[in-house]
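Enquirer: Mind assembling these two chains? They're in different frames, but the hints should get you there.
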Amino acid sequence: KAGVTQTPRYLIKTRGQQVTLSCSPISGHRSVSWYQQTPGQGLQFLFEYFSETQRNKGNFPGRFSGRQFSNSRSEMNVSTLELGDSALYLCASSLLSGRAPDTQYFGPGTRLTVL
Amino acid sequence: DAKTTQPTSMDCAEGRAANLPCNHSTISGNEYVYWYRQIHSQGPQYIIHGLKNNETNEMASLIITEDRKSSTLILPHATLRDTAVYYCIVRVIGNTGKLIFGQGTTLQVKP
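Which chain is which? The protein sequence lines are A and B, in order.
Once you know that position 5 of the first sequence is 5 in the numbering used here, the rest is easy, because the numbers rise by one and skip nothing.
In the numbering used here, each residue carries its 1-based index in the second sequence increased by 115.
Same shape as in the complex, but just chain B (with noise of 0.2 angstroms):
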């Protein structure tokens, strides 16, 4: 699986729209981008996930560069209950659910 780089840290007011990019300028054709957050010490959570295509669902959008070496997750009015790791993954989806974590980026919301 393809390895992502994400900021360490990054902060958001609440109510403005949250921007996190991740890197992965090595993903393979066949590799999606997902997307996961985990707030404090409960399981990692879905979010979203694409392809090539921009998607958007009720928690977030993904933008995804025609390289598809980068992506952005918009969380577009954040408020402090997501606050949380995100974390972004590449991965082929196939015969195993295995997925490889990176450290993510640790997003504050301020009120």
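So that you can see chain A by itself, here it is in the shape it has in the complex (with noise of 0.2 angstroms):
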């Protein structure tokens, strides 16, 4: 079965652009989390979409949004980039069972720079 998987790996951007960054979940899961992890904050919860529906959102600003299709694939946009928002963006799918272990599998990350 394959993995979790995040494109692009790499990305520069510039500060005011905007970038969409897309996640593709393991087959037949229907949960897909973000996270943001920086040096300085460490792993810090974006959102969740479960069934296309946003379930939880982190203390994140209005410039990060996110959906997710039919296909259980999602994508988050950040619009008006800062230079605070380089980091590494990575995505969790898990099958949200309700039962144990529930376990959150990571994609490999994508590696935004705003310069």
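The hints are simulated quantities; they were obtained by calculation from the structure and are not laboratory data.
It is possible that some hints are incorrect.
[Said to hold, decoys possible] Only pairs whose alpha carbons sit at most 25 angstroms apart, straight line, appear in this in silico DSS-like list of lysine-lysine:
(1) LYS225/B to LYS118/B
(2) LYS213/B to LYS225/B
(3) LYS213/B to LYS57/A
(4) LYS118/B to LYS57/A
(5) LYS184/B to LYS225/B
(6) LYS167/B to LYS118/B
[As the list claims (entries may be wrong)] Just a few of them, taken from the derived set where beta-carbon distance is under 8 angstroms, the chain A residues facing chain B:
(7) PHE64
(8) GLU82
(9) ALA92
(10) GLY98
(11) GLN104
(12) PRO108
(13) GLY109
[As the list claims (entries may be wrong)] Not the full set, but computed from the structure, chain B residues with beta-carbon under 7 angstroms of chain A:
(14) ALA132
(15) PRO136
(16) SER140
(17) PRO159
Beta carbons: idealized from backbone N, C-alpha and C, even for Gly.
Expert: If you want it as structure tokens, here you go:
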């Protein structure tokens, strides 16, 4: 079974631009979560989608948004990029079966650099 | 979700057991203990989880104290490839997959 895939793996943008990152979950997984990882703040939860609906949202400004498609693939978008948005963006998928272990499987991440 | 406390860093000699502690003194009865690790700049990898009994799999063992206020992840024979940041997370299994990561423990396995 293929793992979680994220595209692109690396991205360089300039301040003020916008960016869209993509995540394809493991086949059959309907829950997709996004995380931002920076050296200063560590791993922080951005949002979670399940069956095309946002279930949870972290404490990030409205410039960060996401969506999920009917095939469970998800995208996140960051508008008006700031230097502080430079980070590793990670996607995780799970069955969300409600039963242990309900493991979250992470993708390799997208490294975003904002210049 | 309960907050966890882990040492910032630990060293371990290659071939020896690595014992990584985690304190979760405010854990609730329906919260599980999960361990993930992250090798430099890769996505976190699930290791093991438990509720109240000790657990073992091909990667590690998890020892949870009887009062459930702390746990220890044991890597029985650490190798250089086990050098990573190890995260202890407590969460309820339910209708969300959200994970709250702390700062984790950086384990350095030395030859």
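Enquirer: Does LYS57/A lie within 25 angstroms of LYS118/B when you go C-alpha to C-alpha?
Expert: 19 angstroms, holds
Enquirer: Do the alpha carbons of LYS213/B and LYS225/B lie within 25 angstroms of each other, as the hint requires?
Expert: It is violated: about 33 angstroms lies between the C-alpha atoms, which goes past 25 angstroms.
Enquirer: Quick check on the hint: PRO136/B CB to chain A CB, less than 7 angstroms?
Expert: 19 angstroms, violated
Enquirer: Tell me if ALA92/A is really an interface residue toward chain B, meaning its C-beta lies closer than 8 angstroms to one of theirs.
Expert: 7 angstroms, holds
Enquirer: Would you check the hint for LYS167/B and LYS118/B, treating anything up to 25 angstroms between C-alpha atoms as holding?
Expert: Holds - the C-alpha atoms of LYS118/B and LYS167/B are around 17 angstroms apart, at most 25 angstroms.
Enquirer: Hint check: is the beta carbon of SER140/B less than 7 angstroms from a beta carbon of chain A?
Expert: 21 angstroms, violated
Enquirer: Measuring from the C-beta of ALA132/B to each C-beta in chain A, is the shortest one below 7 angstroms?
Expert: Violated, because the Cβ-Cβ distance from ALA132/B to chain A comes to roughly 24 angstroms (cut-off 7 angstroms).
Enquirer: Using the nearest Cβ pair, does GLU82/A come within less than 8 angstroms of chain B?
Expert: Violated - the Cβ of GLU82/A stays beyond 8 angstroms from chain B, reaching only about 22 angstroms at its closest.
Enquirer: Would you settle whether the hint for GLY109/A is holds or violated, based on the nearest Cβ-Cβ distance to chain B being less than 8 angstroms?
Expert: With Cβ-Cβ at 6 angstroms, under 8 angstroms, it holds.
Enquirer: Does PHE64/A meet its interface restraint, that is, does its C-beta lie within less than 8 angstroms of any C-beta in chain B?
Expert: Constraint on PHE64/A not satisfied, violated at 15 angstroms.
Enquirer: Would you mind confirming whether the straight-line C-alpha gap from LYS184/B to LYS225/B stays at or under 25 angstroms?
Expert: Violated. LYS184/B to LYS225/B sits at ~30 angstroms, over the 25 angstroms cutoff.
Enquirer: Are LYS225/B and LYS118/B close enough, with their CA atoms no more than 25 angstroms apart?
Expert: 30 angstroms, violated
Going through the hint list in order, the structure does not satisfy hints 1, 2, 5, 7, 8, 14, 15 and 16.
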